[in-house]
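Participant: Under the working numbering, the residues of the sequence shown are numbered 326 to 900, in order.
Simulated from the structure, these hints should not be mistaken for laboratory data.
A few of these clues could be false.
[Stated by the list, open to error] Derived lysine-lysine pairs resembling DSS-like cross-links, with alpha carbons at most 27 angstroms apart: (1) K428 - K780; (2) K612 - K577; (3) K793 - K780; (4) K626 - K595; (5) K470 - K428; (6) K612 - K623; (7) K451 - K353; (8) K432 - K577; (9) K863 - K812.
[Said to hold, decoys possible] Listed next, with one range per pair, are the computed distances between beta-carbon atoms: (10) E637 - V691: 53 to 61 angstroms; (11) I619 - P702: 47 to 55 angstroms; (12) D677 - E637: 41 to 49 angstroms; (13) D438 - D804: 45 to 53 angstroms; (14) P868 - D744: 23 to 31 angstroms; (15) T892 - K623: 46 to 54 angstroms.
As the structure is a computational prediction, the values presented were derived from the model and not from experiment.
C-beta: ideal position from N, C-alpha, C; glycine also.
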Amino acid sequence: MRAIDFKQLYDYPPVDVVDFTEKVLGLKGQIWSRLLDKLVEAWHGGDYWLVVLDGATGWGKTTFVKISLAYLFYNAIALKNPQRAFGFARGSQLSILGIGKTKEQSKNIIMNDLRVMFKNSPFFEKLRKLRRLYTTRTEIREPHKGVYLLVAGSLHDENILGLNLLGAVMEEANFWGVLLKSKKGTNYNIATEVFEQLLRRFYSRHSDIVRRAEELPFIPKLIVASSNYYRHDLTEQLREEWEGREGVYFAKMATWDTKPVSMFSPKAFKVCIGNHLQIPRIIDSIKDCSGCLIHPNKTYKTCKHQIVEVPEDFRYAFERDIIGAMRDFVGIAYNAIEPFIRYPEKLYACIDDSITAIFTKELQLVKKGGRYELYLPDIELPLRIDKPRYAHVDLGLKYDATGFAMGYVDRVEKFERIDANGFKTTEYLPVIVVDFMVKIEPPEDGEIPIEEVRKLIYWLSSKGIRFKQITFDMFQSVDSMQILQSKGYNTDYFSVDRDTDAYYTFRNALYDGRLKLVRYQPFIDEVLSLEDDLERGKVDHPPDGSKDVADAVASVVYHCTINAPSTMPAQIITD
């Protein structure tokens with residue numbers, strides 16, 4: 326603790342962060358000991374005013390943040406006169422701020438848990454009964470001392486203006502995203518702007534915080550906590566700019582670093598982290614180093630490139646998607662723009678040539694009597710008609726192609742997983758068949774008549790296909806949706822550009838081998854050219870590419886997944 330005259334400054338002397346966690350909050354035995362060590366380092370290991378926590382998911386950043394917010398509040402209200410202690414005018418409101426991507430997220434992730442912590446703490450519950458503590462969905466306050474613990478949303482950074490900050494937390498800031506067009510200009514990085522706002526507030530009040538450290542009852546803290554997302558996100562920028570400076574603390578941990586070693590297998594495997602030349606790779610022996618582009622003709626024993634030891638429990642996750650596993654479990658992120666499908670062989674493994682392709686290339690419209698029509702052959706479809714289909718129409722505007730796909734849930738299978746916290750879990754996931762896809766090219770001098778797209782749906786229905794749901798990607802399709810609804814079809818609006826979960830759901834199913842896809846070359850070409858733009862939060866095609874059919878397939882897989890049973894079907898046992 327600091328060399329402070331407790332009788333003069335405090336109503337009661339505050340305890341250290343370990344006693345606060347275990348005794349005041351009553352969390353003894355509930356917080357991993359190695360996570361407590363990180364709290365001790367940040368709070369008592371130096372005069373730290375800036376704390377940056379990043380790395381993997383699941384190592385305890387959010388718990389660290391909540392305990393730190395509560396500890397800031399606890400220290401502030403212990404003071405007889407917190408305003409005088411920090412040089413603020415009498416009657417000033419002193420604020421401790423928790424900020425998430427949105428205010429609603431801040432309330433749900435930060436404030437709800439803090440309210441529960443305070444309610445379960447005899448110390449804070451006593452204050453509440455004495456009417457020295459008040460809680461709402463957005464704040465916890467001690468009005469007699471003028472200390473407020475507030476939450477805000479990153480998109481409302483004006484809330485920061487005017488606050489006298491004793492502390493602030495930015496939660497999962499690397500995921501706040503970029504506004505491509507805003508009043509701030511193009512490519513406006515939300516997290517960076519909010520950090521700059523907070524930094525200005527801190528500098529305006531605490532610019533000499535390190536020099537005056539011994540005079541202050543405690544060090545106000547600005548905490549940025551987030552899992553890594555891409556290589557140049559906010560926490561990486563802060564590391565480049567601030568690491569090594571006085572008063573700044575960094576902690577970058579893997580998922581298993583703060584957990585008891587007994588939770589994981591004692592056996593581990595090696596992973597070379599790779600670089601811009603080469604994606605990471607699992608190293609089980611020297612032969613796995615053959616063909617290395619980083620240090621040719623050397624092995625992991627002699628090349629001195631970074632090798633990570635990973636508990637054997639996580640092997641499946643690394644074999645399935647090593648880039649994603651490195652980001653989620655090790656905390657090493659890669660470029661902001663990466664190929665969306667990093668393993669083309671997994672796509673080809675899901676191509677099922679037993680599914681008859683109705684179309685093998687793009688469809689062209691035929692001009693008849695001054696208008697363009699879609700020619701559809703009068704054939705029997707060699708497809709299963711006992712399964713209701715989910716379908717998606719990616720309507721093209723003028724000079725743009727239209728993509729269409731349909732598919733169904735074949736069955737549900739059991740999958741064993743390692744979750745973000747390192748625990749084994751069981752999931753029941755669907756095996757999905759996408760047995761029809763087509764790309765309709767627009768005429769050179771016009772656009773695709775929407776009624777011709779509806780004709781495709783009617784044609785499929787006439788061949789025995791039943792549709793459970795048909796989704797469209799743009800509001801210009803309202804007329805088509807209403808017409809189809811009047812004929813008994815279930816339609817809805819869905820955009821894969823606004824909800825990227827569709828593409829990630831598709832990729833997860835692809836990497837799991839849970840897809841059976843008809844061979845359709847325009848789709849294969851599109852999906853292998855897709856780019857994962859992590860900074861913009863968007864899956865997109867290159868400037869000279871397209872994704873009309875890929876959008877349709879991703880939507881079909883997504884809707885099959887969210888509507889599939891979440892458990893295995895009951896087995897009927899007969900004698």
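Participant: Next step is simple, just say for each hint if it's right about the structure.
Facilitator: Here's how the hints hold up against the structure:
1. K428 - K780: 46 angstroms, violated
2. K612 - K577: Cα-Cα ~31 angstroms, so violated.
3. K793 - K780: 18 angstroms, holds
4. K626 - K595: Status holds; Cα separation ~11 angstroms.
5. K470 - K428: Holds. K470 to K428 sits at ~25 angstroms (cutoff 27 angstroms).
6. K612 - K623: 10 angstroms, holds
7. K451 - K353: 20 angstroms, holds
8. K432 - K577: This hinted pair holds, its Cα atoms lying about 26 angstroms apart.
9. K863 - K812: Cα-Cα ~35 angstroms, so violated.
10. E637 - V691: 53 to 61 angstroms: Holds, since E637 and V691 (Cβ atoms, about 60 angstroms apart) stay within the stated range.
11. I619 - P702: 47 to 55 angstroms: Holds - the Cβ-Cβ distance for I619 and P702, about 53 angstroms, lies within 47 to 55 angstroms.
12. D677 - E637: 41 to 49 angstroms: Since D677 and E637 have Cβ atoms about 33 angstroms apart, the given range 41 to 49 angstroms is violated.
13. D438 - D804: 45 to 53 angstroms: 47 angstroms, holds
14. P868 - D744: 23 to 31 angstroms: 38 angstroms, violated
15. T892 - K623: 46 to 54 angstroms: The hint (46 to 54 angstroms, Cβ to Cβ) holds, given that T892 and K623 are roughly 50 angstroms apart.
In terms of the numbered hints stated before, the structure departs from hints 1, 2, 9, 12, 14, listed from lowest to highest.
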